[in-house]
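Hints given; two lone chains; assemble the complex.
Protein chains in written order, with our numbering: chain A, 1 to 236; chain B, 1 to 297.
Source of the hints: derived by calculation from the structure; they are not laboratory data.
Ideal Cβ placement from N, Cα and C applies to all residues, glycine included.
Certain hints may be false.
[To be verified] Below, in silico cross-link-like pairs of lysine-lysine (DSSO-like), each with a Cα-Cα straight-line distance of 27 Å or less: (1) B:K192 - B:K181; (2) A:K108 - A:K123; (3) A:K72 - B:K30; (4) B:K30 - A:K108; (5) A:K195 - A:K123; (6) A:K72 - B:K181; (7) B:K192 - A:K72.
[Said to hold, decoys possible] One side only, chain B facing chain A, incomplete, derived with CB under 7 Å: (8) L92; (9) R171; (10) A182; (11) L184; (12) L185; (13) I188.
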Amino acid sequence: MLEVSDLEVSYGGVQALRGLSLTVGEGEIVALLGNNGAGKTTTLSAVSGLVRAGAGRITYEGDDITREAPPKIVGRGLVHVPEGRRVFSTLTVHDNLLLGGYLVRDAKELARRVDRAYALLPKLAERRSQQGGTLSGGEQQMLAIGRALVAGPRLLMLDEPSMGLAPLIVAAVMDVIRDINEDGTAVLLVEQNAKAALKIAHRGYVIENGRCVLDGPAADLAADARVVEAYLGGVA
Amino acid sequence: MSQLIWNGLFVGSFYALVALGYSMVYGIIKLLNFAHGDLYMLGAFSGFAMLGAMGGLVKSSSLVALFVVLILTMVATGLSGVVIERVAYRPLRGAPRLSLLITAVGASFALEYGTRIVAGPNPKVYQVRLDGTALHVLGALITWQQLALMAVSIVLMVALNLLITRTRQGRAMRAIALDPKACLLMGIDVDKVISRTFFIGSALAGAAGVMAGGYYGKIDFLMGFIIGLKAFTAAVIGGIGNIPGTMLGGLLLGLLESFGTHFVGGQWRDVFAFGFLILFLTVRPTGLLGERVTERV
Chain A
1 MLEVSDLEVS
11 YGGVQALRGL
21 SLTVGEGEIV
31 ALLGNNGAGK
41 TTTLSAVSGL
51 VRAGAGRITY
61 EGDDITREAP
71 PKIVGRGLVH
81 VPEGRRVFST
91 LTVHDNLLLG
101 GYLVRDAKEL
111 ARRVDRAYAL
121 LPKLAERRSQ
131 QGGTLSGGEQ
141 QMLAIGRALV
151 AGPRLLMLDE
161 PSMGLAPLIV
171 AAVMDVIRDI
181 NEDGTAVLLV
191 EQNAKAALKI
201 AHRGYVIENG
211 RCVLDGPAAD
221 LAADARVVEA
231 YLGGVA
Chain B
1 MSQLIWNGLF
11 VGSFYALVAL
21 GYSMVYGIIK
31 LLNFAHGDLY
41 MLGAFSGFAM
51 LGAMGGLVKS
61 SSLVALFVVL
71 ILTMVATGLS
81 GVVIERVAYR
91 PLRGAPRLSL
101 LITAVGASFA
111 LEYGTRIVAG
121 PNPKVYQVRL
131 DGTALHVLGA
141 LITWQQLALM
151 AVSIVLMVAL
161 NLLITRTRQG
171 RAMRAIALDP
181 KACLLMGIDV
191 DKVISRTFFI
201 GSALAGAAGV
211 MAGGYYGKID
221 FLMGFIIGLK
231 AFTAAVIGGI
241 GNIPGTMLGG
251 LLLGLLESFG
261 THFVGGQWRD
271 VFAFGFLILF
281 LTVRPTGLLG
291 ERVTERV
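Same shape as in the complex, but just chain B (with noise of 0.2 Å):
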């Protein structure tokens, strides 16, 4: 029972990096980002490609190289974030909403088979493969790269969570929400703040893309294209454009796989998943703490 739970949260958590940006970017620009999942896959492949350039310095102590990798590779795919919202979104900004989803379909396209020209269509294994010695906690196995893995995955939700509640930006960012044409007239330059969204939420993403590299220990080129469409559920569970929302859809979905896999078996791991999207969008399509707002006018 407690593994499984262990499991869930384990799991969940990669959802919940994954989801905070499409989050983020749903809220900010309303645009469903499908090319978010593969930032994720970029991210892993990052990942691989500085471990193998690393090459023998990483055997001796793969979590250390592991979280150096980490924090590169988070630049390296918020960069790309910010150029394919540069390049495919910007230009579309004021465009309807469906050419820009055609558009993101389109980029997500682009990056996989990108991909797949420079890395081959191939699975790459990684150098670095984190199953050590497991600790017995309230009767489940625990790894103690699980534990870190999950420890740098609450430190960047945290982090995040300040950024937006309590900083200047976050603020620009809740705005921009709301009222893109206000939040001009207030001095807030809403370009450069939408860049940087898609820089946190794509750095996010690559976070996972490693640290799943690292678990997993596998990775090809296609791999994002599940994780977008979960975290996807993920965010709709909690409320997509809600940050804590999110997080709390994030850990939840991992939960709901985690004992739908136990108790009805692993083919069923995806059904449960979008099944519990279909639930969602019909039920409560604002999700778990998304909320409709009220306003007197």
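So here's chain A without its partners, still in its complex pose (with noise of 0.2 Å):
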């Protein structure tokens, strides 16, 4: 449903993706792997509109969006949970959610498809009136997810939803992941954490420099001695 070929970016002068290609079907969670800097943010932010690629493109459920604006992609059902999670720190967790259907006209469907992200993640709703930034860290990203959920998405990409969280909470949040996959909304993932992410994915690509190097089944990734070396080896 996602197609990336050839994508491009460079940030005044330093290209950081030279010919990034990789897909995402239906269904599928989609594990991006690599180091700091070899470009997955970038590319999620390309995706998402954020950045503009220089070259390349972006076709998603059969629509070139390669120079569409953040907004109209978020309307495609396209949703992008950023880095650092990006919580509205001073209004309530309510709030929050409400804004993540921003788009959502309907105040019924809004309701229930608010309802639907504290069914999911009732530590939410025991929060509901608490302002975004005083809840811990796993918190906020469980709210991220739930914000981008409100926007109804059928794929959902995000970045580094592990980033300084404790071993049991990393767990807990790939447990979602994988219920919200299961839900039948594919997930593009970014991630350092490349064990949790290849236990939950199907597939993954690893990325250096700005293009992807290995790809393959999420199995015969975590079995790659390549993977193993650069990137289970030190993390337990």
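See the structure below:
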């Protein structure tokens, strides 16, 4: 449903992506692995329209979205949960969720979606009227995911959801992602924590210096000597 | 005593109306819009022009005429605010804040001297004077017209507060103030919401301009300068970016001036206002209701 081909992006002369290609199919979880600065975040930002592609093509459900503005892309059901969660810190949990559904004009439908997010993430329901910034890191990640769900994604892109979280919380976040996927939402998961990501992913790509150097089924990648050495060795 | 309080609240409600636009724009794009006071001036002139065009119709029922003119002027100044943002500020989004600030000062001069070219340098006299019969309320002399203007201010402020706290648009405004980039990922058309914010803020300033024209009777092309600074002061006192705080700041500034003028003398009025500005900037820069954000990372 998502097809990225030969994508190139530069920031003021520094080339972050050099001909990156990847696909995400209906109902898949695809992991995007790589070290800091490999171009993972840039890839997601280009797909969601936050940064402009210099060259290459991004198609989503058959439409070329390479030059579309972010709000329009969100409206297509391609939703990006950014790195660092970017929860609206002084707004309540409930307001944060409502904002995720900014494009949903039907109040009843919006309320239904917010309730569904609460059902999936019960911790948020308890914290409903608390300010987003007062939540713990794990709860903020859940809020960021819940907020994206209210937008009604068919493809959810998550940037480093495990960042800064304790192993137990990472596992909980990964479980939530798997639940969301089992409800039929495709997931493009950017992670430095390759081990956690490959556990739930169907397929994966390894990127280095702005292009894919390796790809395949998650189980194969997890067993691949190069991946183990570079990304799984030190990670407990 | 009650007269002083009433005068303070009355002038303060003008300050609050103008300060709200200041505060909203600062809240959403962190710009001190120095051209904001000039939209108040523009409102006064547009009201003047409209009343002139309505001619004889005006005399018979001045308050109703003023009300119609008020609405039309709010639309006109609101649109002016949108144009200023589009032409002067939007191209500089992401530029250093100082560039934006200097541009705002430029926009202010452009409005002032543009008005001077069109309307001439001499003060104009409003055809509608609002100095009718007075009531005695708790020992204060209050005119019906003052009451009407005060009521309009209150209605506008309450409406604004509801818009910001209860509606989808208001929620988007508050979110953009915190993180515009994340807002794009929520599907919010950030530019459009910023435009609307300018519209609302400028419309409120325009409303205050017409009301001031009707109340004081005399307007000139530099009248926006000092009120802009006063509104800025009011916003700082209440907590810039904070809507209820800004309303409070406006009323408080009106009271401070009213009491200060009475006890120390009229020539000290501005000294009072700006003395408080300095006091707040040093002692409590977040204002009365502005709060420091505590965040866990």
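Evaluated hints:
1. In summary, the hint linking K192 (chain B) to K181 (chain B) is supported, as the alpha carbons are separated by about 14 Å, within the 27 Å threshold.
2. For the given pair, K108 (chain A) sits about 23 Å from K123 (chain A) by alpha-carbon distance, which is consistent with the 27 Å threshold.
3. Straight-line distance between C-alpha atoms of K72 (chain A) and K30 (chain B) comes to about 26 Å, which keeps the hinted pair within the 27 Å bound.
4. The straight-line distance between the Cα atoms of K30 (chain B) and K108 (chain A) is roughly 34 Å, outside the 27 Å bound, and the hint therefore fails.
5. Using a Cα cut-off of 27 Å, the hinted pair K195 (chain A) and K123 (chain A) holds, with the two alpha carbons roughly 26 Å apart.
6. For the proposed pair K72 (chain A) and K181 (chain B), the alpha carbon gap of about 14 Å is at most 27 Å, so the pair holds.
7. Distance check on the hinted pair: K192 (chain B) and K72 (chain A) sit about 13 Å apart at the alpha-carbon level, within 27 Å; holds.
8. Below 7 Å, beta-carbon pairs count as interface contacts, and L92 (chain B) has none with chain A, the closest being about 18 Å; its hint is therefore violated.
9. Because the beta carbon of R171 (chain B) sits about 6 Å from the nearest beta carbon in chain A, less than 7 Å, this interface hint is met.
10. The interface hint given for A182 (chain B) holds, since its Cβ lies 4 Å from the closest Cβ of chain A, which is under the 7 Å cut-off.
11. The interface hint given for L184 (chain B) is met, as the beta carbon of that residue sits about 4 Å from the closest beta carbon of chain A, less than 7 Å.
12. Annotation: L185 (chain B) was flagged as interfacial toward chain A, and the flag holds, the nearest CB pair being 5 Å apart, inside 7 Å.
13. A hinted interface residue such as I188 (chain B) counts as satisfied when its beta carbon comes closer than 7 Å to some beta carbon of chain A; here the least separation is about 5 Å, so the hint holds.
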